[in-house]
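Enquirer: Using the sequences and the accompanying hints, generate a full structural model.
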Amino acid sequence: MVCLLGGQRLQASHVQAGELYYRHLSGNQYRVTLRLYRDCAGSALSAINPELVYRTSGCSGGATIPLTLVGSSVRAGDPYCAALGPQCGPGQRINMESGDFEATVPLPPGQWTLSAVSVARPAMGNVNNATGSLYCEATLDNRNGLGNTSATFISNSLVLPFLGWNLPTTLSQQATDPDGDSLAYELVAPLVGCNEPLTYKSFSSTIIVDPADPTCFTAVPTTPYSPTFPLLSFNVTGSCPLRQVQPYFRFNPLNGAISCQPALYNPGVNSPENKYAVAVKVSEYRRSTGSNGQPVITLVGTIRRELLLIVVDPGTNQNPTLRPVVINGSLTQPASAVIPARPGQLVSVRLTGTDANTNQILTMSSNAEQLLPNSEFTPAAPGFSPTVQIDWLPPATLAPGLYYCTVTTTDSNCPIKGVNTQTLTFRVSAPTLATQVARQVTALSAVPTPFQSQVSFTLARPGVQTVVVFDQLGRQVTTLQSQPTGQVQWRPAAGVPAGLYLARTADGRQVARLLRTE
527 MVCLLGGQRL QASHVQAGEL YYRHLSGNQY RVTLRLYRDC AGSALSAINP ELVYRTSGCS
587 GGATIPLTLV GSSVRAGDPY CAALGPQCGP GQRINMESGD FEATVPLPPG QWTLSAVSVA
647 RPAMGNVNNA TGSLYCEATL DNRNGLGNTS ATFISNSLVL PFLGWNLPTT LSQQATDPDG
707 DSLAYELVAP LVGCNEPLTY KSFSSTIIVD PADPTCFTAV PTTPYSPTFP LLSFNVTGSC
767 PLRQVQPYFR FNPLNGAISC QPALYNPGVN SPENKYAVAV KVSEYRRSTG SNGQPVITLV
827 GTIRRELLLI VVDPGTNQNP TLRPVVINGS LTQPASAVIP ARPGQLVSVR LTGTDANTNQ
887 ILTMSSNAEQ LLPNSEFTPA APGFSPTVQI DWLPPATLAP GLYYCTVTTT DSNCPIKGVN
947 TQTLTFRVSA PTLATQVARQ VTALSAVPTP FQSQVSFTLA RPGVQTVVVF DQLGRQVTTL
1007 QSQPTGQVQW RPAAGVPAGL YLARTADGRQ VARLLRTE
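Counting in the numbering used here, the sequence shown runs from 527 upward without gaps.
Calculated from the structure, these hints are not laboratory results.
Keep in mind it's a predicted model, so treat the numbers as computed, not measured.
Treat the hints loosely; a few may be bogus.
Here are the in silico distance ranges between beta carbons for each label pair [said to hold, decoys possible]:
#1 Val645 to Ser817: 20 to 28 Å
#2 Thr815 to Ser731: 50 to 58 Å
#3 Gly794 to Gly909: 16 to 24 Å
#4 Pro921 to Pro634: 17 to 25 Å
Below, in silico cross-link-like pairs of lysine to aspartate or glutamate (DMTMM-like), each with a Cα-Cα straight-line distance of 20 Å or less [what the hints assert, rightly or not]:
#5 Lys807 to Asp705
#6 Lys807 to Glu895
#7 Lys807 to Asp736
Just so you know, even glycine gets a beta-carbon here, dropped at the ideal spot from N, CA and C.
Expert: Here it is as structure tokens:
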């Protein structure tokens, strides 16, 4: 059962996935965004005319308003190697294109449900598609009169989420919230309408023949699909001639990370068995203080991502992985392990990509600067084993808890690139000394950033002060004196290597990050 998906086409001409957001403008005014993902071989996004429905009770009634396409938001997915060129249009390979539709609506205090319906999702292997409609929904509870901006998924990098047959794969459905509210993730049933979930199919038991060894069989039991097991994903155990499988589909409710290993691939052209509907819901909770002085946690909104996953045959390609990460230049641990951090103390994480396939060029990226306040991501040029670095100085006022970001490693395989997205978990612990708790640390901006021969920054208050410069391992490099104006200049000696440095006043209350390049 080996067949590269290079020539396969999606024949449906409509929307494949979507999500709905809102942003508080002022007063009762909100900007609502519907992000749709359409099949590149189908009708253009400009031909889609969705409407937003917003209501405060049940599934009927409410007001409607047209949503307008933002032309600058349209972009195609990039799942293929550069040698193939752009792939989005009739006659091209499978791909998706995303675009944002927007409208401004009044949402006075109430419990609001926002929704939009598009057609049509294709036939899929795990659900009965019914009308084929794709229903996107978000909710807002602003009865307390406070404006709320919804959480948003980090990016629309899910265009197009290919899953390699029999390959361990990780995906991120991580979201961020501009109001600092707490987020909880869950897998839910896809919707075709208000309170109308799609029904799931059952997969009958079957025997899969190993194409590399026709005498080796794998027994797959009868398996009911569900929101938490939306595709056939197994770990294979035992030995030939008859191997067994154990269900393997992991979802992290704290950060939206998905881990799986697709076990079924049908080489039939445009086979529905290779397509799976998955839905992720993110609930947004706000902490406040009640009239009795006790903490109150309130659900203030939800968003959903309706997505389509497609299983492909990767041939001999393996997904790239990360080597054990190096923390602060000395501690080595798996990328999946928790990374310790403290407010006001720099933590540096060095990550190196690797690939089991020889001659694969790897590219690495991260959303750390979006998710970790006061952090910096230092990229590396694509290569066989690139090394990148995340430097994070948690603000002194940052609440203790778990904080997340992702690092994505992409290989250069043709036609379909292999991708691995690793979620990094930082545990920020509270300062141990009362003096540390009370101390406020001011982050200073240095110019230029990065710098080569000279860098400068200005202290919060004028006057001559002592400033100490440390390297990323905490070793003292030099001592500087500020000018009466508060300005500090540093011209590193010739032997000082490129890298990240930390300049700190003697009292430790003012800090500047200094990134030097060659």
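Enquirer: Hints first: check each against the structure and report whether it holds.
Expert: Cross-check of the supplied hints:
1. For Val645 paired with Ser817, a C-beta distance near 48 Å fails the hint of 20 to 28 Å.
2. The hinted window of 50 to 58 Å between Thr815 and Ser731 holds, with their beta carbons roughly 55 Å apart.
3. The beta-carbon spacing between Gly794 and Gly909, approximately 38 Å, falls outside the hinted interval of 16 to 24 Å.
4. At about 35 Å, the beta-carbon gap between Pro921 and Pro634 misses the expected band of 17 to 25 Å.
5. A C-alpha spacing of about 18 Å is found between Lys807 and Asp705, which places the hinted pair at or below 20 Å, so the restraint holds.
6. With a CA separation close to 24 Å, the supplied pair Lys807 and Glu895 exceeds the 20 Å bound.
7. Of the pairs offered as hints, the one joining Lys807 and Asp736 is violated, with about 36 Å between alpha carbons and a cut-off of 20 Å exceeded.
The structure fails to meet hints 1, 3, 4, 6 and 7 from the earlier list, while all remaining hints are met.
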